[in-house]
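Q: Residue numbers (the UniProt record's numbering), protein chains in the order written: chain A, 1 to 262; chain B, 1 to 354.
No wet-lab data here; the hints were simulated from the structure.
As a list, the in silico SDA-like pairs of lysine to any residue whose alpha-carbon atoms are at most 20 Å apart:
| no. | chain 1 | residue 1 | chain 2 | residue 2 |
| --- | --- | --- | --- | --- |
| 1 | B | Lys-315 | B | Ala-290 |
| 2 | B | Lys-151 | B | Gly-29 |
| 3 | B | Lys-243 | B | Arg-228 |
| 4 | B | Lys-151 | B | Ala-109 |
| 5 | A | Lys-179 | B | Asn-73 |
| 6 | A | Lys-179 | B | Glu-106 |
| 7 | B | Lys-167 | B | His-192 |
| 8 | A | Lys-179 | B | Met-90 |
| 9 | A | Lys-179 | B | Lys-101 |
| 10 | A | Lys-179 | B | Asp-94 |
| 11 | B | Lys-107 | B | Asp-128 |
| 12 | B | Lys-71 | B | Lys-151 |
| 13 | B | Lys-71 | A | Trp-80 |
| 14 | B | Lys-101 | A | Thr-175 |
| 15 | A | Lys-179 | B | Gly-104 |
| 16 | B | Lys-107 | B | His-93 |
| 17 | B | Lys-167 | B | Asp-193 |
| 18 | A | Lys-179 | B | Gln-74 |
| 19 | A | Lys-179 | B | His-93 |
| 20 | B | Lys-224 | B | Ile-352 |
| 21 | A | Lys-179 | B | Arg-129 |
| 22 | A | Lys-179 | B | Asp-128 |
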Amino acid sequence: MKTQKIGAWIAVLFGASYFIVPLIATFEFSLRMRRGEYSFDAYRSVFSDIQFRESFSYSIMMAILTIIFGVLLVVPTAYWVRLRLPQMRPVVEFITLMPLVIPAIVIVFGYLRLYNSSSYIPFTGSARGTDMLLMFSFMTLSLPYMYRSVDTAMRTIDVGTLTEAAQSLGASWPTIMFKCIFPNVMSGVLSGAFITFAIVIGEFTMPSLLNRPAFGPYLQLIGANRAYEPPALAIIAFAITWGCMALLQLVSRFSKSAPSKP
Amino acid sequence: MSFLELSGIQKSFGPVQVVKDFDMTIEKGEFVSFLGPSGCGKTTILRMVAGFETPSAGTVVINGRNQNELKPNQRNIGMVFQAYALFPNMTVHDNVAFGLKIAGMEKSAIDARVKEMLGLIHLGHLADRFPYQMSGGQQQRVALARALAPKPQVLLLDEPLSALDAKIRVSLREEIRMIQQQLGITTVFVTHDQEEALSISDRIVVMNSGRADQIGTPFDIYNKPATRFVASFVGTLNLIEAKVVDPATNRIVIGDQGITLREPLGSTVKAGDTVSLALRPEAGSIAEGAKGDTALTGEVVSSNFLGSVIRTRMKVGDAVISFDMFNAPGRSPPAVGEVSTLRFTASDLLIIRE
Numbered sequence: 001m002k003t004q005k006i007g008a009w010i011a012v013l014f015g016a017s018y019f020i021v022p023l024i025a026t027f028e029f030s031l032r033m034r035r036g037e038y039s040f041d042a043y044r045s046v047f048s049d050i051q052f053r054e055s056f057s058y059s060i061m062m063a064i065l066t067i068i069f070g071v072l073l074v075v076p077t078a079y080w081v082r083l084r085l086p087q088m089r090p091v092v093e094f095i096t097l098m099p100l101v102i103p104a105i106v107i108v109f110g111y112l113r114l115y116n117s118s119s120y121i122p123f124t125g126s127a128r129g130t131d132m133l134l135m136f137s138f139m140t141l142s143l144p145y146m147y148r149s150v151d152t153a154m155r156t157i158d159v160g161t162l163t164e165a166a167q168s169l170g171a172s173w174p175t176i177m178f179k180c181i182f183p184n185v186m187s188g189v190l191s192g193a194f195i196t197f198a199i200v201i202g203e204f205t206m207p208s209l210l211n212r213p214a215f216g217p218y219l220q221l222i223g224a225n226r227a228y229e230p231p232a233l234a235i236i237a238f239a240i241t242w243g244c245m246a247l248l249q250l251v252s253r254f255s256k257s258a259p260s261k262p
Numbered sequence: 001m002s003f004l005e006l007s008g009i010q011k012s013f014g015p016v017q018v019v020k021d022f023d024m025t026i027e028k029g030e031f032v033s034f035l036g037p038s039g040c041g042k043t044t045i046l047r048m049v050a051g052f053e054t055p056s057a058g059t060v061v062i063n064g065r066n067q068n069e070l071k072p073n074q075r076n077i078g079m080v081f082q083a084y085a086l087f088p089n090m091t092v093h094d095n096v097a098f099g100l101k102i103a104g105m106e107k108s109a110i111d112a113r114v115k116e117m118l119g120l121i122h123l124g125h126l127a128d129r130f131p132y133q134m135s136g137g138q139q140q141r142v143a144l145a146r147a148l149a150p151k152p153q154v155l156l157l158d159e160p161l162s163a164l165d166a167k168i169r170v171s172l173r174e175e176i177r178m179i180q181q182q183l184g185i186t187t188v189f190v191t192h193d194q195e196e197a198l199s200i201s202d203r204i205v206v207m208n209s210g211r212a213d214q215i216g217t218p219f220d221i222y223n224k225p226a227t228r229f230v231a232s233f234v235g236t237l238n239l240i241e242a243k244v245v246d247p248a249t250n251r252i253v254i255g256d257q258g259i260t261l262r263e264p265l266g267s268t269v270k271a272g273d274t275v276s277l278a279l280r281p282e283a284g285s286i287a288e289g290a291k292g293d294t295a296l297t298g299e300v301v302s303s304n305f306l307g308s309v310i311r312t313r314m315k316v317g318d319a320v321i322s323f324d325m326f327n328a329p330g331r332s333p334p335a336v337g338e339v340s341t342l343r344f345t346a347s348d349l350l351i352i353r354e
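Here chain A stands alone, though its shape is the one from the complex:
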């Protein structure tokens, strides 16, 4: 029994070291910018770089917009499919899975072909238009995660009966959506939102090919030209992702103590 336990612990430690050792090595390397001693110079250099601040704030702005528009698209869709079109659920699930199957580069080339400056909808004709197109592309990429999070949250409430109860009390569709449904799927919305945030912050292909100043292309640029800043940026990117995961955990814990259906 004891030998089995020790064996299990060795396996866990071996598996963990596979992930942790490179991370420690990266972190250690990021601290070596100053000769002969450890320092946070690489981090200082990254944070003082105006391009870092600009690209990072651009990506954050894009992440927030993607989350807002994504939620406005996904929550009513998931609600309507559950309420009125349950037979369409497999179809909608399949559609939302497409971004996992079709590579981002294929999607973005499709966008460039459809929405170039000489097309009927010339999104790429202006910077703002391209920003919009980029936001839509982020929405597409985050669709599998956002839809599943919201749909799972909706499964925990009796959407049909709650809707009818609200209707019988005189509620209109917007009231039902924003006062009865939204608050009860908030844990799912937040889970989806944090995953979306992590995707947008790290995405390279879409902003790079649409030529927008996002954090992903900046990471790549720094990685190609500097020595100590790329590992520092990698650690920062990890920290952001972990921060998102921690928030996700927090939200799921919050949802466990939140009101549930009878």
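Let chain A serve as the given structure and place chain B on it in line with the hints.
A: Structure of chain B alone, referenced to chain A:
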């Protein structure tokens, strides 16, 4: 003109017709129960009154106004669901206030009305609780208060007691009836539990395959069932096949024992025909000194002690007749195999014609 009128209501889901030519009128302040087995169309009718389903044909009129064109949120109808359907993100106070806020009432008026409603269901002290912090019975009472708060013109109850345990069910049904009488609100109650329907209704509609088999008071439904279905669905009933001996004198024979019916057999019945008779278990007794102008002798095939009553089954010819006797501490239950005489009044024997 009646307060709630359902005229020529039909409803089909694809090729399946679930409600067939349903007509009914309900007076203001009346408590009407729709009783029937699963799939008989009772909930569908309720949902058409609420506006959640559109009739394939026919009209729903409330207080002189055709409701067919109105959406559910325009009908001013209160509804209580089997699954409570309280909004999980709102406290008891906010749940009850929901309809009032939508109606655009002022905050002070809303608070007063919520307090009044919670007082009515005796849950004023739980106003700040969330639904998940309450028992099923408490949640259903809150759902009732929420439905009543906006002063609806009709209250619809869709099997509101089905999810509760037996004891709560009995107390809550009495509470529902009391509140209904206190407010004088027209109420339609859907249930498959005959005891519930019999105990709290002014009238009962017994539904069978999309049609109303019988509409009447609980007393009439129980004692004068119009069809074989009503007779078998409401209460426990013995259905006995008998041979007609002489239609003129209403003489029939069960097994080899002849009896005379009080109810006329009718002009279409001939000697030798088979007729179906119904007898409630509580109508007969084999106890010593049991009264009744009619008697059947048979062999006891089973005897079950149920506490306050003893249910005995007796074989008479090919028929097996069940009857209930009150328990008496000084009397033992009849023994299996014992030959006894069952006495009852001939007028308790009903002829089932459909």
